Amino acid sequence: MRRLDARAIERELSRLGASLGSPLAVAAETASTNDDARNAAAAGAPHGAAFLADAQTQGRGRGGRSWHSPPGENLYLSVVLRPSLPASSVAPIALVMGLAVASVVERRLASSARLGAPGGDPLAEVRLKWPNDVLVGGRKLAGILVEAQLRGHSVSSVIVGVGLNVHTSRFPPELSARATSLAMLGIDDVPREVLAAELLQALGDAAARFEAGRLSPFAEDLARMDWLRDRRVEVAGVAGVAAGIDAEGHLLVRGGDGVLRAVAAGEVSVTSG
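Its first residue numbered 1, the sequence shown is counted upward by one per residue in full-length UniProt numbering.
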């Protein structure tokens, strides 16, 4: 197993001119990079501080679910953001972070000629499942966990955690039918250090755009990558057909009565009925 090389990541961050990733901490193993970032933020860590690990013992996704975090295979990273935002405006940043990760994946797939060219593989289409899961061919490739710390009506910090499946070739039985990795998609020659730097650059650029214009700059990409659109769903007690994402980041669901409802948060189930 080859360990992540912090210096290689720093060199790539410098080459890309990334706004995130300094200071950078890389651990052989940690409980959770999000916990590391949150603790550091509470102690005063600056905007851009990033935390990576070769393995997590208590990696988690949304809703407290565990995240498959074997050593040396994938990317587990978290970053501290300190955006100038009112607390009421921060929630949609999860969507934006998901789009940032999806953009990195899409570029990598396109460069491998599996996407974006005539005859490209439709199973390699990159999509975002509201609010922030990155899917390729309908299978989960990456998850984003966003945790905001508020101070009164303002945002003190936002911790963005990313788990990206890179080299995994075999998942546990409960995940095998719904998860994928870059290696399984034919991308097995990109160092994790390069991917980490690309992710941090994309996250930083997206965070700056969100701070300046909220969701407006991302409307086109949200519409293009919306995996749930036109699917039958149930979420937060609302059932119907997903009809897009509004300017506030809410999932729009049209019920059988024709009424369009906006859902702010919840676990989405795709239904067949």
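Bear in mind the hints are in silico, worked out from the structure with no lab data behind them. Treat the hints loosely; a few may be bogus.
DEER-style ranges, computed between Cβ atoms [to be verified]:
id, residue 1, residue 2, range
1, S272, P173, 19 to 25 Å
2, R11, S169, 25 to 31 Å
3, A219, A43, 23 to 29 Å
4, E147, P23, 18 to 24 Å
5, G44, D257, 30 to 36 Å
6, S156, G213, 41 to 47 Å
7, D5, G186, 20 to 26 Å
8, R7, T271, 44 to 50 Å
9, A219, V259, 22 to 28 Å
10, R170, A239, 22 to 28 Å
11, R2, S156, 35 to 41 Å
12, H153, R231, 21 to 27 Å
If you're wondering where the values come from, they're calculated on a predicted model, not measured in any experiment. Glycine included, each C-beta is placed from N, C-alpha and C at the ideal position.
Problem set entry | Earlier hints that do not hold, by number | Hints 3, 5, 6, 10 and 12 contradicted; others consistent.
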